[in-house]
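2 protein chains.
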Amino acid sequence: MTVQAGSTDQALRARARGVIPGGMYGHMSMEPMPPSYPQFMARGEGPRLWDVDGREYVDFMCGWGTIVLGRQHQAVDAAVASQLSNGDCLNGPGAVMVDLAELLVDTIPHADWSMFAKNGTDATTMSVTIARAATGRRRVLMANGAYHGAAPWCTPGPSGVLPEDRAFIAKFEYNDVDSLRAAVAEAGDDLAAIIVSPVRQDNRRDQELAQPEFAREVRDLATASGAVLILDDVRCGFRLDVGGSWEPLGVRPDLTAWSKAIANGHPLAAVTGIDSLAEAASSIYTTGSFWFAPTAMAAAITTITLLRDTDAMAHTHRMAELMREGLAEQARRHGLSIRQSGPAAMPLVLFDGDADLSVVAGWADECVKRGVYLHPWHNWFYTASHQPEDIAWALERTDEAFAATAARQAAS
Amino acid sequence: MTVQAGSTDQALRARARGVIPGGMYGHMSMEPMPPSYPQFMARGEGPRLWDVDGREYVDFMCGWGTIVLGRQHQAVDAAVASQLSNGDCLNGPGAVMVDLAELLVDTIPHADWSMFAKNGTDATTMSVTIARAATGRRRVLMANGAYHGAAPWCTPGPSGVLPEDRAFIAKFEYNDVDSLRAAVAEAGDDLAAIIVSPVRQDNRRDQELAQPEFAREVRDLATASGAVLILDDVRCGFRLDVGGSWEPLGVRPDLTAWSKAIANGHPLAAVTGIDSLAEAASSIYTTGSFWFAPTAMAAAITTITLLRDTDAMAHTHRMAELMREGLAEQARRHGLSIRQSGPAAMPLVLFDGDADLSVVAGWADECVKRGVYLHPWHNWFYTASHQPEDIAWALERTDEAFAATAARQAAS
Chain A
1 MTVQAGSTDQ ALRARARGVI PGGMYGHMSM EPMPPSYPQF MARGEGPRLW
51 DVDGREYVDF MCGWGTIVLG RQHQAVDAAV ASQLSNGDCL NGPGAVMVDL
101 AELLVDTIPH ADWSMFAKNG TDATTMSVTI ARAATGRRRV LMANGAYHGA
151 APWCTPGPSG VLPEDRAFIA KFEYNDVDSL RAAVAEAGDD LAAIIVSPVR
201 QDNRRDQELA QPEFAREVRD LATASGAVLI LDDVRCGFRL DVGGSWEPLG
251 VRPDLTAWSK AIANGHPLAA VTGIDSLAEA ASSIYTTGSF WFAPTAMAAA
301 ITTITLLRDT DAMAHTHRMA ELMREGLAEQ ARRHGLSIRQ SGPAAMPLVL
351 FDGDADLSVV AGWADECVKR GVYLHPWHNW FYTASHQPED IAWALERTDE
401 AFAATAARQA AS
Chain B
1 MTVQAGSTDQ ALRARARGVI PGGMYGHMSM EPMPPSYPQF MARGEGPRLW
51 DVDGREYVDF MCGWGTIVLG RQHQAVDAAV ASQLSNGDCL NGPGAVMVDL
101 AELLVDTIPH ADWSMFAKNG TDATTMSVTI ARAATGRRRV LMANGAYHGA
151 APWCTPGPSG VLPEDRAFIA KFEYNDVDSL RAAVAEAGDD LAAIIVSPVR
201 QDNRRDQELA QPEFAREVRD LATASGAVLI LDDVRCGFRL DVGGSWEPLG
251 VRPDLTAWSK AIANGHPLAA VTGIDSLAEA ASSIYTTGSF WFAPTAMAAA
301 ITTITLLRDT DAMAHTHRMA ELMREGLAEQ ARRHGLSIRQ SGPAAMPLVL
351 FDGDADLSVV AGWADECVKR GVYLHPWHNW FYTASHQPED IAWALERTDE
401 AFAATAARQA AS
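Just so you know, the sequences run in chain order A and B.
Residue 1 is where the first sequence starts when you use the UniProt record's numbering, and the numbers rise one by one after that.
Residue 1 is where the second sequence starts when you use the UniProt record's numbering, and the numbers rise one by one after that.
Only chain A is shown next, with the shape it has when bound in the complex:
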């Protein structure tokens, strides 16, 4: 079942190496992944995926978080088809842009206005630019190890990036109030913004929910220093709370960056903000050829409305809990010690005593080989289309993967 010589995937990889630098790039490069991961995918439906060699998977990556209701979702597809039949790139936005901005303002407590773009990185970069425009200050604080996009000011890869691109970016430790206070003090009266993710989701380490006192301190320090609090909800947004991921903590940002799940896989990003930042937001010059296209906005309206008005998020959470309980029971039974961290619906599974992540990589390889698509060191995702039978199907196979992992441990 591994990706074999003679497979379509191998043939495509060979062709790709001829015409794409490194054969693939960015987060979708399977180069660093265990050997059974396919590089090229053919098709998806609900929570299921098929690769180019026809292998079927229950999917726990869900388009890296872009799919929240499930693939081939009837209502979203109908909205898209209807809009496409009128055209997409017109010479101005459609009425749907106003409808969507109003929906966000109605749904998200802190949001008094919205702007739209295409990439999560567009939204985080616009947020930082708005904060600098509003405050006339330069410094931006972010957590060590946090991912806020792939523009020069924030990309985790330093190649081609200049020190000047991040001259006024400083760091603090997530969930560490003292380090945050020190960073704020260091920035002094030049602090434009604190940008923070609602959950610590660094790759290759246990995910951490924000401690409520940390989140409150972020808010209080931003307010006290006249800086803008930017919540980077690109990854968690519309997965944990439809009003924003820190809404359950009662902590409201000044600006939020959204993307990924916002339109159930259609390309869209958004910035929402408070009234007092509207003037700064309208002062920056930012735009894109496809930013005003109505199709993705129509998809977003359907997606957000369903997430708000149905039990889609609660159902997703139940499926994630079912999987979590099953994995915990299986690991115990096989004598393996695992840690499931992060929100239930955006978990990461790591193994104790696995500093180099070789054990989890081996387990993930056994999973994907059997048709369970999950990630060994990036958080997973669920959709509302996952059903108990999908979880049961996946758990049958993760059980075998744990058995294989236990056998390998015993042999070593």
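Simulated from the structure, these hints should not be mistaken for laboratory data.
We treat Cβ as the ideally placed atom computed from N, Cα and C, and that holds for glycine.
Be a bit skeptical, because a hint or two may be false.
Said to hold, decoys possible - Covered, in the sense of this in silico footprint (three residues per stretch, anywhere, with C-beta under 8 angstroms from a C-beta of chain B), are these stretches of chain A: (1) 77 to 87; (2) 119 to 129; (3) 162 to 171; (4) 260 to 270.
Claimed, not checked - Derived CB-CB ranges, DEER-like: (5) Gly145/A with His27/B: 33 to 41 angstroms; (6) Gly157/B with Arg15/A: 39 to 47 angstroms; (7) Arg15/A with Ala5/B: 57 to 65 angstroms; (8) Asp189/A with Asp106/B: 53 to 61 angstroms; (9) Glu396/A with Arg15/B: 48 to 56 angstroms; (10) Ala355/B with Gly226/A: 41 to 49 angstroms; (11) Ala392/A with Ala167/B: 55 to 63 angstroms; (12) Ala403/B with Arg15/A: 56 to 64 angstroms; (13) Ala75/B with Arg15/A: 21 to 29 angstroms; (14) Val177/A with Ala75/B: 57 to 65 angstroms; (15) Pro109/A with Ala355/B: 14 to 22 angstroms; (16) Trp393/B with Asp106/A: 38 to 46 angstroms; (17) Pro158/A with Glu389/B: 55 to 63 angstroms.
Chain B: place on chain A using the hints.
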């Protein structure tokens, strides 16, 4: 026929002002435009557009250049529908990504590889990053007044941007070999790249084709100084020559940034480059949630194949010439002195003795009022769907607009 109180457009604008900063933003804000321009559009088909109040237009902006074959194009729509039925955001790219990269490499003489993204700004920013990674140098030269996107390093609006964001960006005058030489000399051994548009398309002034000796000098100076020549073909790409817009001049860039017309309105951008830059390209970390989605890539394959294998571009050019000749004859007949600059299929029409552009603004207003959608100070676009009867329909109305302009001139 103007946008009136009580119109749907006015009602939408009022709602938009409540939920979108400034009521709209970016290049699609109609705030600076003459009064008859609608802000919100409803529908498009071929070369025709309808606004939210049902007014019909022959379109000479074509989604600001994103539409090259025409809206509701049967073959492109079929490719899109077919791919959408398999899903869009899968956990990896589809085979179509390799097909598209191969098509670009086969079609574009300088291209040995391709990378894909969503915005033209993504493509220009990636190009600059690759150039810096490849050379280990910092300085980038661009023409005064040129538009290369809306990221902090290049946005024409300074609000929220720091001097550091553009610390190593220096300027030269387009089509001015001496100024280019001086800028290269000034950059010395820190010159990473020269980024240049194939045509000088600054807003509010006559467009200028690149003088062949200027284009050759750009190439020679880049080569001699070990810098990377980046052609920003985002706007002209797939409109002037399917192999790249400086191909007719025999000048081949090291990197080209593409977007807009590449997928006939579906959101896609690309960077193509030469072999010796592949390693640098694979060293940078750049990615986006929607960059690997196959639907826009399927649209691009159909679009580029048709542009390459049919007379679509030649037909478009003929339609543009027909319009240009008609406009010239009409202006003469009405005693008005106009200048039609730029490539025929990407023209700009300005009036002599109109320093503040009030005459062209008034004329454009009369045109759009009558159903001819064009732009008073940004270059226009055509599509392969424009037919002689569309041009004739438009010319009937531009003639009336010229008459109104001449009458206003006579009265003043």
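Hint-by-hint comparison with the structure:
1. Given a C-beta distance limit of less than 8 angstroms, the hint that chain B covers the region 77 to 87 of chain A holds, as 6 residues qualify and 3 suffice.
2. Counting residues of the region 119 to 129 of chain A whose beta carbon lies closer than 8 angstroms to any beta carbon of chain B gives 7, which reaches the threshold of three, so the coverage claim holds.
3. Here's how the region 162 to 171 of chain A fares: 5 of its residues keep a CB closer than 8 angstroms to some CB of chain B, so the rule of at least three is met and the hint holds.
4. Here's how the region 260 to 270 of chain A fares: 4 of its residues keep a CB closer than 8 angstroms to some CB of chain B, so the rule of at least three is met and the hint holds.
5. Between Gly145/A and His27/B the beta carbons are some 36 angstroms apart, a value that agrees with the proposed interval 33 to 41 angstroms.
6. A C-beta distance of roughly 42 angstroms is found between Gly157/B and Arg15/A, which places it inside the suggested range of 39 to 47 angstroms.
7. As the Cβ distance of Arg15/A to Ala5/B is approximately 59 angstroms, the hint placing it in 57 to 65 angstroms holds.
8. Taking the beta carbon of each, Asp189/A and Asp106/B are about 57 angstroms apart, inside 53 to 61 angstroms as hinted.
9. Restraint check, Glu396/A to Arg15/B: a C-beta distance of roughly 52 angstroms satisfies the suggested window 48 to 56 angstroms.
10. Under the hint 41 to 49 angstroms, the C-beta atoms of Ala355/B and Gly226/A, about 43 angstroms apart, fit the expected range.
11. A beta carbon spacing of about 57 angstroms between Ala392/A and Ala167/B agrees with the range 55 to 63 angstroms that was offered as a hint.
12. One distance hint, 56 to 64 angstroms for the beta-carbon pair Ala403/B and Arg15/A, holds here, with the actual separation near 59 angstroms.
13. Judged by the Cβ atoms, the range 21 to 29 angstroms given for Ala75/B and Arg15/A holds: they are separated by roughly 24 angstroms.
14. Between Val177/A and Ala75/B the Cβ separation comes to about 59 angstroms, which falls inside the hinted range of 57 to 65 angstroms.
15. In this structure the hint that Pro109/A and Ala355/B lie 14 to 22 angstroms apart at CB is violated, the actual value being about 50 angstroms.
16. Range check, Trp393/B to Asp106/A: about 43 angstroms between beta-carbon atoms, so the 38 to 46 angstroms window is met.
17. Hint check: Pro158/A to Glu389/B, Cβ distance near 57 angstroms, so the stated range 55 to 63 angstroms holds.
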